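Q: Take a look at the letters that make up each chain.
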Amino acid sequence: MDRDARRRSFLFLLVACALGASSAAAGELVVWHSYRAEERAAIEKVVAAYNKDHPGTTVTTLAVPFDAIADKISAAVPRGKGPDIFIYAQDRLGGWIEAGNTIEPIDFFLDDATKARYLPTTMAAMTYRGQTWGLPLNYKVITLIYNKKLVKAPPKDTAELVKLCKSLTDKASGRFGLAYAYTDYYYHAALQNGFGGGVFAGGAKPQLNSKENLAALELLLRWQDKDQFLPTEPSVALITALFNEGKAAMVFSGPWFLGEIAKEVDWGLAPLPNLVEAGGKPIRPWMTVEGVFISAQSKNKDVAYDFAKYLTDLPSAKIMALDGRQSPANKAVYDDAKVAADPVLKAFKQQVDVAVPMPNLPEMTMVWGPATTMMNAVTKHGATPKAGLDTAQAAVANAISQLKKKK
Amino acid sequence: MARPAHVRFAVGVLLAGALGSGLSFKFTREAVRHETADVERRQAVVKLGGLTALVGRAGGDGDALRKAVAAWQAQEKDVAQVRVLVMAGLRLEASTAAADAGDRAAPRRLQREEKPFYDRGQRLATAVRTNREEETARKLEIEVAPAATGRRLSLAAPVEADGDIVGMVEIETTELPPEPAEPILPYILAVVAPLAVFGAGALFLGRRRWPLAALAVACVGGSLVWLLTTGTAHVEAARLGTAQRVADEVKAQAGLLASLSAPTSTPAPPAAPAVPSTWDADAYRRPLGLLTADGAVDKQKLAEVGRASDRALRRSLLSADGLALILLLFVGLGGANRLGRTLRRNRQAYLYIAPAMIGMLILVFFPFFYGITLSFTDSNLYNTNQPLSEIWVGLRNYSDILGDFSIVKQGEGGSVVNYLNFYWTLGFTIVWTVTNVTIGVTSGLILALILNTKALALRPMYRVLLILPWAMPNYITALIWKGMFHRQFGVINHVLQMFGIPALSWFDHPFTSYLTALATNGWLSFPFMMVVSLGALQSIPADIYEAARVDGANRWQAFKAITLPSLRPALVPAVIISVVWTFNMFNIIYLVTAGEPGGATEILVTQAYKFAFERYRYGYAAAYSTVIFAILLIYGFIQNRVSKATEA
Amino acid sequence: MARSRREEQIPHGPLHLILVVATLVTMYPVLWVITIAFSGKQSLAIADLPPDPSFFDRLRAVIPWPQHWSFSNFVSVMTDQPFGRWLLNSIIVAALTTLVGVFLSCTAAYAFSRFKFPGRRLGMMSFLVSQMFPGTLMLIPLYIIIVQVLGLGSTKIGLVIVYATTSIPFSVWMLKGYFDTIPKELEEAALIEGASAGQIFWRIVLPLAKPAVAITALFSFMSSWNEFILAATFMDKEDMYTAPVGLRFFVGGFSQQWGYFAAGSIIVSIPVVFLFLYLQKYLVSGLTAGSVKG
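Protein chains in written order, with this note's numbering: chain A, 1 to 407; chain B, 1001 to 1648; chain C, 2001 to 2294.
Treat the hints as calculated values from the structure; they're not laboratory data. Treat the hints with care, since some could be wrong.
Stated by the list, open to error - Straight-line distance between alpha carbons at most 20 angstroms, and here's what the computed SDA-like set of lysine to any residue pairs gives: (1) Lys1139(B) with Gln131(A); (2) Lys2041(C) with Leu2031(C); (3) Lys45(A) with Pro2082(C).
As the list claims (entries may be wrong) - Every beta carbon over 12 angstroms from chain C, so not counted as near; a handful from chain B, in silico: (4) Leu1015; (5) Lys1077; (6) Asp1119; (7) Pro1178; (8) Leu1189; (9) Val1225; (10) Asn1346; (11) Gln1386; (12) Gly1403.
As the structure is a computational prediction, the values presented were derived from the model and not from experiment. Just so it is clear, CB atoms sit at the ideal spot from N, CA and C, and this is done for glycine as well.
Whole structure, please, built from the sequences with the hints as guidance.
A: Structure representation (structure tokens):
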């Protein structure tokens, strides 16, 4: 504890010095991100604009492959190396905060006007145990993607969905009304959330076997076994192939899927249908939010925050949306004429209004394994929904309690 | 040029004395300083406790608060400054700091450079909320840190109102007295005196080895034991005053608070009943319990705590002494001399090996010993910043791993195998390793033998094509293999169906899932074995075969009698190494089966990875890794014994 | 003469059969990589099956052959990013690794093979032992040593040290085994003629151990060639990345461009093939063997 405290006060000193010396001179900022292609071009455009507007400050970017960036941050930042700012999704947030010395809290900088710029749910994704740790940049969410040739009007609720799917499904010739990676817990969570369930109940208490989650799983089994409009073993490759060949009329997937669609398919986007089974509540998919985080070791936190604010401001958001094909977390950008006219951005915005931020608790990594096993077992009838959920719940609860075991 | 025994022992006595005395000095000084720091900290915490109670009573903000704080500061000579934060609106509510005067006087909004002050408040508030929610004590609720300048302490505690945290009180002590210096003289004496006594004794004993050894041990041992007793006495003395001083401080604070009783417009809020004895608390605001309710020293409790820390000190002093005696005997009995001679005599050999060895030592053995140390702790995501001694759990991780025999669990519908059990994973890892290495070595060797055939057409082409699996990034080839086993798209199932065999769900059953990984890894690893075998085959002189043929041996006999033995020197190391690699072949399992179904095809190293990075149990994962290491080490020794691979 | 007659006795037909089968099995996944690379598409799954596929539909699906040939993936890989630069970095790092690794392991292995000294077995064992601790948990310790302590972040030397160190244990064991097979009489003779230890090593032992040195070189080269995570973690400048780091930009995260990755993989494999083509003359039968007993 002593050492930690000393480090903290040392940090205080550093910050004090840095702020005292450089508040006028600004300085250099390094930004790490994992973008390539058009996203990278977009962020570089924003950075160039910032550098032009702010003589005296030089922002440079470093692209790091997605598979390496999280480990690189975990290795470098707590040791006083690394960037001033990094961009990453919220799923690692809790882990980095608990490990300490990685991310700087920004409540002190954050005023109400800035806070109000973003979609509230994206802001929630940046919040961990009551503190705010980053500015939301963009979000990704799954929605309904349909083949316009096969589906004239996308279904509004699950009753319409089932009816439509049954009419479109012909298993003998390999045609399915709906295809999505339903055995993948990430996708299944949309149903769970729709019923009002979820992974955690307040803090890090797992509630995988709640009655809402059970209802969601039972609905999925009904679709799979009774209504039979879903393909078996729905891998991403299978779903892509089915949709591109016109054999899947509808798909639940996210923006990453759009690049995979073949040119000859005429597709449209619509919000996920409402759940008749849950009194007409919407299906609520998980959203992944990429945030702009300030390194706890940055010597230029003031300027870093200024840049983070700039990067998530309206003009930048417009560039990130139109050039980078991202869905910005900035609300105002959707009032922009060009963005509003973009059917894709518009559709994801519509969907995100009911989406739930994926938990940013570190305990979430303990959920994936048992949840995946459970989804496979239940959809292949290796376990009843109740038993499957109970087993998964026990496994997750056990893993978490091991972590908090006192000596 | 061996030196006589009495000279060796004299040198030994000097070195051992210096080592033992030096270490004793260091440990004792640290213990005394720790005791001093403890009393400083506790006194300051009591003051902070009193002030926090006062702030709580004054309502957490407003003029009444500022007045109360000013009055408290006026009475409290050991505190240099008090600052009170109100979180809402980022306000500095009250301050007695010299810098906060004039246009910076409280109350005011915090300025940009005061972010660390605000963040500290936030951190405490989050800590309290987290601890309450989890019903644990894992986040610090009182922060004690050295202040920015001088030898001062800066302390902070949260301020509560209506059950939630609304602000923070921060105090900075005045300059503390300098750290007590441990007198150095006894320690110098402890080096010189034994040397003198030994010198005198040696005059009588002459050059007789064992009597000299006994004398030397007695001299050094005696002086070190003396240091041990004086050292622990010092620490006890330092501790003795502590409790009383803290108790006095509690009384003083209670009195101060009573005297400051403001015109009782508002009664003390019930949330924080001021029980002065609870102000003597740890960093989680849990009373230490060393004071009785009326503020007197609880002698019995104190003695218990003291005994525990005395034991720790004695243990480190004794181990230092042991080290010194080992050094003494090593030097005295001629070990050092012999070591020097060996180093000189084999200078060339050691020089040749040194560069490779140094690289190895730095890059491999440091992390390795760190890992082993970590394996004895409960290090995890939630306590990474605590010192290792506080999370030390001894062998618990090992007993958890090795002591769990529940391989078969009783589930609904009969018994099921618990795939996450260590012994299942170990068994699977062994099967995985044996089959993989067998396949790799056999196919590599056969192909190498064929490719070594003289005058075989197209040899260069075959050779190049056959090493391609090694040349390509295995990230993509492993995923291609995984794709080949896909239920609907995989070519393997297509081929099965072409011949009317129903398609298989390869990853649904442990055995078929294992086959997919085996196929992938066999494909990836045989080129290496083939190349090694090709190289090894070059070491066999061709005329030996000729001689064998003349002797009438057939081809199989020649292979057994000549080829295999000649391949041994190169193949045995390759086999040992590939056993080690395959045992720890993380990528293929991770990419191809990902442990499916349900963790049945995990190997030990992927399991260790999951414990570290999915369940954040670093200590446990380190123990897992150490077990892996131990298993391989045993294998290495057995294999070495059997094959004599290190022999020329 | 007798020897060559004997070799001719082995019928080559079955040998070719085995080799062809082995090569086909070996090449099959590689052909898929090639197919994906030249398909101009980004998906890992290419197969396109009609409902109720016939035998021939399935046969078509299992034959790796793109529906359309296209170089677009290769063009994109080389032009989207400074891939040429990264390839050059990789070559420099791998070449240095090979040089350092082979040199250090040759000297160490020679000492282990020729000198009798205390700690010899222990030394050999410790090289082996160093391979036994699971490497997956080593990223942060290595980062601390290389970047924090030695200050070699964003340098090629930092990577070379790590890669060479990982390749040394096997190389030492391999070379030591090979040195053991070289008769000592040769060296003793040279010693009598007044050659120094260095001369003996360079002029006599090393040339005879060429096959083993070639293997060691190839191995050292490969231990750095496809490594990704350390290179990505140690390098803080984009123009210092190596080719495997550059390749990983295409996959990972939500969208995966397997076509680019496959094309890049093929480009990355080419230098290895050339290296092997160069080294394989040392692995060809009968080059050095006869002269040993000479």
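Q: Now look at each hint and say whether the structure bears it out.
A: Do the hints match the structure? See the list:
1. Lys1139(B) with Gln131(A): Distance of about 15 angstroms is within 20 angstroms: holds.
2. Lys2041(C) with Leu2031(C): holds (15 angstroms)
3. Lys45(A) with Pro2082(C): The given pair, whose Cα atoms are some 19 angstroms apart, holds under the 20 angstroms limit.
4. Leu1015: About 23 angstroms separates Leu1015(B) from the closest Cβ of chain C, which puts it past 12 angstroms; holds.
5. Lys1077: About 44 angstroms separates Lys1077(B) from the closest Cβ of chain C, which puts it past 12 angstroms; holds.
6. Asp1119: holds (25 angstroms)
7. Pro1178: holds (33 angstroms)
8. Leu1189: Correct as stated: the minimum Cβ-Cβ distance to chain C is 39 angstroms, above 12 angstroms.
9. Val1225: The assertion about Val1225(B) holds, with a minimum of 35 angstroms to chain C.
10. Asn1346: Non-interface label on Asn1346(B) violated, nearest chain C Cβ at 4 angstroms vs cutoff 12 angstroms.
11. Gln1386: holds (18 angstroms)
12. Gly1403: holds (21 angstroms)
Violation of the numbered hints given earlier is confined to hint 10; every other hint is satisfied by the structure.
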